[in-house]
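Trainee: Sequence:
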Amino acid sequence: MARPSLLDTEICRIFKTRYPIWNVGFGSGARAELAAAVSNAGGLGVIGGTHVPVERIAEEVAKVRALTDKPFGVNFILQGIVNLPNLADLIRERILKWFEVGAPVMVFFWGDPAEFVNEAHRAGTKVVLQAGSVDEARAAKDAGVDAIIAQGFEAGGHVKSHIALATFLPTVVDAVAPLPVLAAGGIADGRGIVAALDLGAQGVSLGTRFVASREAYVRDEYKERLVSATAEDTYYTDLYDVGWPNAPHRTLRTKAIEEWEAAGRPPIGKRPAEGVAIGIEHRPWGDVEVKRYAPFMLTPDFDGQAEYAPLWAGESVELVRDVKPAGDIVRDLVREAEEVLARRV
177 MARPSLLDTE ICRIFKTRYP IWNVGFGSGA RAELAAAVSN AGGLGVIGGT HVPVERIAEE
237 VAKVRALTDK PFGVNFILQG IVNLPNLADL IRERILKWFE VGAPVMVFFW GDPAEFVNEA
297 HRAGTKVVLQ AGSVDEARAA KDAGVDAIIA QGFEAGGHVK SHIALATFLP TVVDAVAPLP
357 VLAAGGIADG RGIVAALDLG AQGVSLGTRF VASREAYVRD EYKERLVSAT AEDTYYTDLY
417 DVGWPNAPHR TLRTKAIEEW EAAGRPPIGK RPAEGVAIGI EHRPWGDVEV KRYAPFMLTP
477 DFDGQAEYAP LWAGESVELV RDVKPAGDIV RDLVREAEEV LARRV
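Sequential numbering of the sequence shown, starting at 177, is according to the numbering used here.
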């Protein structure tokens, strides 16, 4: 019988995991292999589900279930598919399909999940919102979600918050109590987990640390950049806005950023090579042309000028010094956090 963990929290009991450690479902880079590895190690593995066509959703769930019998989650960006016809209908169709095929957890971001909460619960799916403001967190609580992720300004990828996690997290915890809250942004080791727990979190959701895992479906050169980067190498901007405007994000510096700065940081419509294709993303369900300033994940499916691709990374990249199996990352995080907690006993 496994020994009790010092990290056993309400999040573990609600979502039926051993540890309150989740990976972020970072788009096409978070697939079944990563989610299964995290879940099998005792956390909650999360896949990216926004862009999966409805006819492929059952297949994606089957891939995860073939690798683990543990719970897992699906990340869905509510306002992350734009410039498509019948957008609202498309989003609703995909979300309901995830419920239908039995996704245990849905993690929503960048939008209001209220209309989906009751349907999710009827299907047996738990609902989580990653919030970037206290008002957003309160509204999600009122809608009946099962937990909140408080995303601090330090986070990588798309960032809705404008406040550092150390201030934002306890504010959200107080605002939505007794609803459990997970922390995201700037955490990549066990010390960060304990700090989040001290601030009232019941768990953590980590992105950058898990991008630098063997199972993350991203290009090797992306992982290598993470390992060599520091927090000062991250860049907060809204430059990568094609198809998703007004959505600030944090990335490592890229050639696209350097050329834009060299041109004097011109506005939209006057940026270098605006509208020019930089390559093709060969997705399982078809090829997609990628233009400069498009917010996509640099995966092995991309064929083109990778130097212009965004390299999403949070300030916690400072603490990422190797690429290793995701299960080992979970175990390292647990060991480090429990060592800190044990010294207090």
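Source of the hints: derived by calculation from the structure; they are not laboratory data.
Ideal Cβ positions, reconstructed from N, Cα and C, are used throughout, including at glycine.
Heads up, some of the hints might be wrong.
[Stated by the list, open to error] Computed beta-carbon distance windows for the label pairs: (1) 266 - 189: 18 to 28 Å; (2) 266 - 353: 30 to 40 Å; (3) 480 - 288: 26 to 36 Å; (4) 268 - 512: 17 to 27 Å; (5) 521 - 404: 36 to 46 Å; (6) 438 - 404: 21 to 31 Å; (7) 408 - 272: 39 to 49 Å; (8) 311 - 342: 30 to 40 Å; (9) 320 - 278: 18 to 28 Å; (10) 406 - 272: 23 to 33 Å.
Trainee: Are the hints correct? Go through all of them and say.
Mentor: Consistency of the hints with the structure:
1. 266 - 189: 18 to 28 Å: The hinted range 18 to 28 Å is violated for residue 266 and residue 189, with Cβ atoms some 35 Å apart.
2. 266 - 353: 30 to 40 Å: Holds: the Cβ-Cβ distance is about 36 Å, inside 30 to 40 Å.
3. 480 - 288: 26 to 36 Å: 35 Å, holds
4. 268 - 512: 17 to 27 Å: For residue 268 and residue 512 the Cβ distance comes to about 41 Å; the hint is violated.
5. 521 - 404: 36 to 46 Å: Since residue 521 and residue 404 have Cβ atoms about 37 Å apart, the given range 36 to 46 Å holds.
6. 438 - 404: 21 to 31 Å: 23 Å, holds
7. 408 - 272: 39 to 49 Å: Given range 39 to 49 Å: holds, Cβ gap about 43 Å.
8. 311 - 342: 30 to 40 Å: 20 Å, violated
9. 320 - 278: 18 to 28 Å: 20 Å, holds
10. 406 - 272: 23 to 33 Å: For residue 272 against residue 406, whose Cβ atoms are near 43 Å apart, the range 23 to 33 Å is violated.
The structure fails to meet hints 1, 4, 8, 10 from the earlier list, while all remaining hints are met.
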